[in-house]
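Residue numbers (the numbering used here), protein chains in the order written: chain L, 41 to 257; chain W, 41 to 257; chain A, 41 to 257; chain H, 41 to 257; chain B, 41 to 257; chain F, 41 to 257.
Don't read these hints as lab results, they were simulated from the structure. It is possible that part of the hints are untrue.
Same chains, same names: a pair is fine if it fits in one copy or spans any two.
As a list, the in silico DSSO-like pairs of lysine-lysine whose alpha-carbon atoms are at most 27 Å apart [stated by the list, open to error]: (1) K119 x K71; (2) K202 x K60; (3) K225 x K60; (4) K60 x K90; (5) K60 x K196; (6) K202 x K71; (7) K202 x K119; (8) K202 x K225; (9) K119 x K196; (10) K119 x K225; (11) K225 x K196.
Quick caveat: nothing in here was measured; it's all calculated off a predicted structure.
There are 6 protein chains.
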Amino acid sequence: MALVIKLSGRVFEDEELVFKYAGVIRNLSGKVAVVTGGGEVARRYIAIAKRGGASNTFQDLLGIYASRLNALLLISLLKDAYPRVPANIEEFLEAWSGHRIVVTGGFQPGQSTATVAALVAEAVGASALLNAANIDAVYSDDPRRNPNAQRLRELKYDEFEKIIRSSSLPGGYELMDVWSISILKRNCITTYVFDGRRPDHVVAAARGENPGSKITC
Amino acid sequence: MALVIKLSGRVFEDEELVFKYAGVIRNLSGKVAVVTGGGEVARRYIAIAKRGGASNTFQDLLGIYASRLNALLLISLLKDAYPRVPANIEEFLEAWSGHRIVVTGGFQPGQSTATVAALVAEAVGASALLNAANIDAVYSDDPRRNPNAQRLRELKYDEFEKIIRSSSLPGGYELMDVWSISILKRNCITTYVFDGRRPDHVVAAARGENPGSKITC
Amino acid sequence: MALVIKLSGRVFEDEELVFKYAGVIRNLSGKVAVVTGGGEVARRYIAIAKRGGASNTFQDLLGIYASRLNALLLISLLKDAYPRVPANIEEFLEAWSGHRIVVTGGFQPGQSTATVAALVAEAVGASALLNAANIDAVYSDDPRRNPNAQRLRELKYDEFEKIIRSSSLPGGYELMDVWSISILKRNCITTYVFDGRRPDHVVAAARGENPGSKITC
Amino acid sequence: MALVIKLSGRVFEDEELVFKYAGVIRNLSGKVAVVTGGGEVARRYIAIAKRGGASNTFQDLLGIYASRLNALLLISLLKDAYPRVPANIEEFLEAWSGHRIVVTGGFQPGQSTATVAALVAEAVGASALLNAANIDAVYSDDPRRNPNAQRLRELKYDEFEKIIRSSSLPGGYELMDVWSISILKRNCITTYVFDGRRPDHVVAAARGENPGSKITC
Amino acid sequence: MALVIKLSGRVFEDEELVFKYAGVIRNLSGKVAVVTGGGEVARRYIAIAKRGGASNTFQDLLGIYASRLNALLLISLLKDAYPRVPANIEEFLEAWSGHRIVVTGGFQPGQSTATVAALVAEAVGASALLNAANIDAVYSDDPRRNPNAQRLRELKYDEFEKIIRSSSLPGGYELMDVWSISILKRNCITTYVFDGRRPDHVVAAARGENPGSKITC
Amino acid sequence: MALVIKLSGRVFEDEELVFKYAGVIRNLSGKVAVVTGGGEVARRYIAIAKRGGASNTFQDLLGIYASRLNALLLISLLKDAYPRVPANIEEFLEAWSGHRIVVTGGFQPGQSTATVAALVAEAVGASALLNAANIDAVYSDDPRRNPNAQRLRELKYDEFEKIIRSSSLPGGYELMDVWSISILKRNCITTYVFDGRRPDHVVAAARGENPGSKITC
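Construct all of the structure, not just a fragment, from the sequences and the given hints.
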């Protein structure tokens, strides 16, 4: 069965973490698709472009280019991955049909890399999406602002969607947006959300353990 | 200023209508981007693929291919349009930088052609998006099911989003989904929704008249 | 050895038939290339474009796009086929070098999908071309107009060429045109022509049986 | 109006001739498409590949590559031509939509560059196809073998097709094959055949004069 | 006449400088090609990849991706530039044939962006290459290590090549390597080297003034 | 381990030699990348373009096209090689990730095919580069002009670089230029230089024998 791993752009701000993820992914058995966020480089270039009056389209394209830089860095460390970064789902499917590991960044403006991960999970018929996030689990509300926010070990996509819509969840957009949720729900793909600083959680989630939150349809 | 016209796939089920739209678009001054829906061919192929157990990814790709067939038909009637159908926003931007008229269909799975139209409107800095729809205006609820539904002449995107989320508006998805609304809103692009069987409404809307509903930020 | 199957566009007008062909192709051993016709969607779009004054080039491109829609539908049902539709022989060869099953539609204006099938058969060094046609065999003349037309069980390409040139064979163009015959002849590839409504005939022909007509050099 | 010029591959065996054609083409007014044959380089590589057991597909691809080398040579001398060699009709149309001069070689296996020229003439809605050939006109039979062969100043495509089919016209294939004739006939494009060693004949034919033979529908 | 501007990657570490260069380039008359270095992002990603054991090929590709990010940022601020980043000289030539401004980053492994700038200058027949460098002029030796190093106002490529080979010029590689010098020399293109923190020097050099060093063949 | 073989363009001027190299390469075990020079066809087209006033960019592109013709010829004789000619290192890496044998020609203007071979050797992590040259070994000087030139059986890259820089080695440029040496040196790849008329030397060098000169870092 195929796994899809979504790596928060923040992973790429810590090189030791990048090396550890490369090691973990190399050792996974079966096929693996990885989707990388843009992180700090993306934020910096988008901010400059915005200040300079660039369109939203180009701001988003800069974020996509930055996410591809992260994807290529991971590819360079994996040795046996597909050697290029697919630019859309058709290129991804072609790469996937001939390689065990394919790493991709963003696809197009107006779309988070969380949504790319959902589209990729749908395309490969993934058994699970592993979301290495900027937070250690899904909470009922933003734990940094709301001390009563509850850590949710298991939840349904409908519930998750309500939280995303209503709450002030930190990094909510990056964690997973409404569009990515609707894609995962229509395919009944299980999502695991866990702390992106723990590459070992990938191994756990790949075994079916729940290192943070588990979301099902 | 650039105009973006979204043609419902149903337009392509009536060849006289296709000829009239071709005529209207040829005569518009300024730059024009057209986004075509998939219509009946899309629905038929998606239904077969679904029955045969194809993935959502391939079902959506079939809809995209059908929308490109419609796009190419329109191109074949326009003479001076860009002669190919761009497959994503980067190809679209390249075509747009050198041609007065560019016609495109769908871009990728999990995304309506209404969203493509919004992305294109954002990319070209459109003054307005003209949505030649399956309905003659935006209503407060589905007029076919709710006899008290009110025809809305002018509304804000926030209001529109609430209607889309809550109502049983017929063809709601095709008219405009939440994602396309958020893109148009973030760029403050005015949308005109009008009866797709009236190509003359394109001319009216291009002059700033409101032949159906007008949505602003 | 490699097989090439040419599916008449009419196959795609009957979804049960499409499912059956998908099943038969999945179960064939060895490498398989499939070439799909455009069928009714192609005819409809070409007719509209023609009425609207489109060039022959665009009329043919619309037929090609329609044939690619059929090719993608088949791919969506096959699971392990190459996931894209090659647009020319170079893309086809690249796909073929890494996949067991490749499905393609038309290649270029002024060329039938029968000719594409012949070019593909030449490129893969096919042992046989299986033509799932709109007729159950080759006849000495059009059986619907000439009651004395003889069903031909075995014939040579030279003989076949004479029939194509002189007769009023129904769907003659689609069955096989002069150009496709010359390509098959120069490679001495055996062609089997049989009733496209009988997917089981593919299995028979793959075993070397003759379910309709057999044409040799 | 657009002109299409077909340059026999032999033109490229004489560099002075190449320079003269470049000069003539630069000075033509209006849009010009040029299609180049493969000539001696093509013949040499095809012969080696054949002796070495290469497939017909690769033999033809070698001829196409050689014709593209000739196309690029001409482009390098034209300065304001589209700077690349389109590989198929879709790439050609894209280049044509933005440039005054586009030069192309062969498109695909199993197809002469005469047929490419016919497809290009159809695609651009050419007023005329100027065939700079290896012979100075169309003859009723091969003048080198049949001393009674008559030089034909004007003829119809139907007549031309009969000659091509039956005669032993030297270089018949290269001059124009049946497929290219059928494409030109269906578009009623006038063809001028003239001695390829006379670049000045291009100027004459562009003015509507007949420097060799004139073929009409 | 066409100008080529080489922007050191360091320019992109100071957003005000980026805005100023965008303004200067927008206001230049005539055609302009810009080549961007990779700067700090490139250095950071290359260092991580190296530590992680990536090949030189991937290290260089990461630098190229980073330079393309810088190129896209500049494009996003220029409005009327070609909207994509060409990946090689053939894509560059195609973009150049239809646009006033084209911005590109690196082309391939084992090659500095100084060499890309030289190749681009050769391809467009540039009147001059404007090198906005990390140093204010060419010196006879590294001015930071050798207090006697002389600032050279005018020099020949042969002289420049000797300095590059022998000296410990800071950032020597980025300023201009041997390969880029040989390309510029074979085309007799004048190079101006000046302080990259001074966008106004581009205007001066475009007028033929020498704001730093001038190198001729 | 992967081998890279650089075939001098002269190999393609003798068809028997081409057949023998095809046989030798087919029988090698392990992965093999082949880089072909342009030879006589390249020289002829470059000379014409130069005389006609073409830019250095186009002269070099013609040489690249000619080298790709040679690459395709070899592919046509190998049967199981990747069926296309990669145009740059990214396309090469993609082809390499799925095929045992990949054949390529030149990549870009201003670069010898010796440098392409070095870049390819770096990209595949080659154990050795086998240079089938126009000379039987590396000499301390040009043996045709200097009768005292010494044949060097083993040497270091630093030594080799000095010879290349200072000597009048015949075909020096084609044998290996400074840029290719620097790439090979930075990767510590062993190069074998031997007489290109001896395909059997490939087998010897593949076994680690030294059929001419051996260069190490």
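Right, here's what the structure says about each hint:
no. : hint        : result
1   : K119 x K71  : both (15 Å within a copy, 16 Å between copies)
2   : K202 x K60  : neither (34 Å within a copy, 43 Å between copies)
3   : K225 x K60  : neither (30 Å within a copy, 30 Å between copies)
4   : K60 x K90   : between (34 Å within a copy, 15 Å between copies)
5   : K60 x K196  : neither (31 Å within a copy, 38 Å between copies)
6   : K202 x K71  : neither (32 Å within a copy, 41 Å between copies)
7   : K202 x K119 : neither (41 Å within a copy, 35 Å between copies)
8   : K202 x K225 : both (13 Å within a copy, 22 Å between copies)
9   : K119 x K196 : neither (37 Å within a copy, 29 Å between copies)
10  : K119 x K225 : between (33 Å within a copy, 22 Å between copies)
11  : K225 x K196 : within (9 Å within a copy, 30 Å between copies)
The earlier numbered hints that this structure contradicts are 2, 3, 5, 6, 7, 9.
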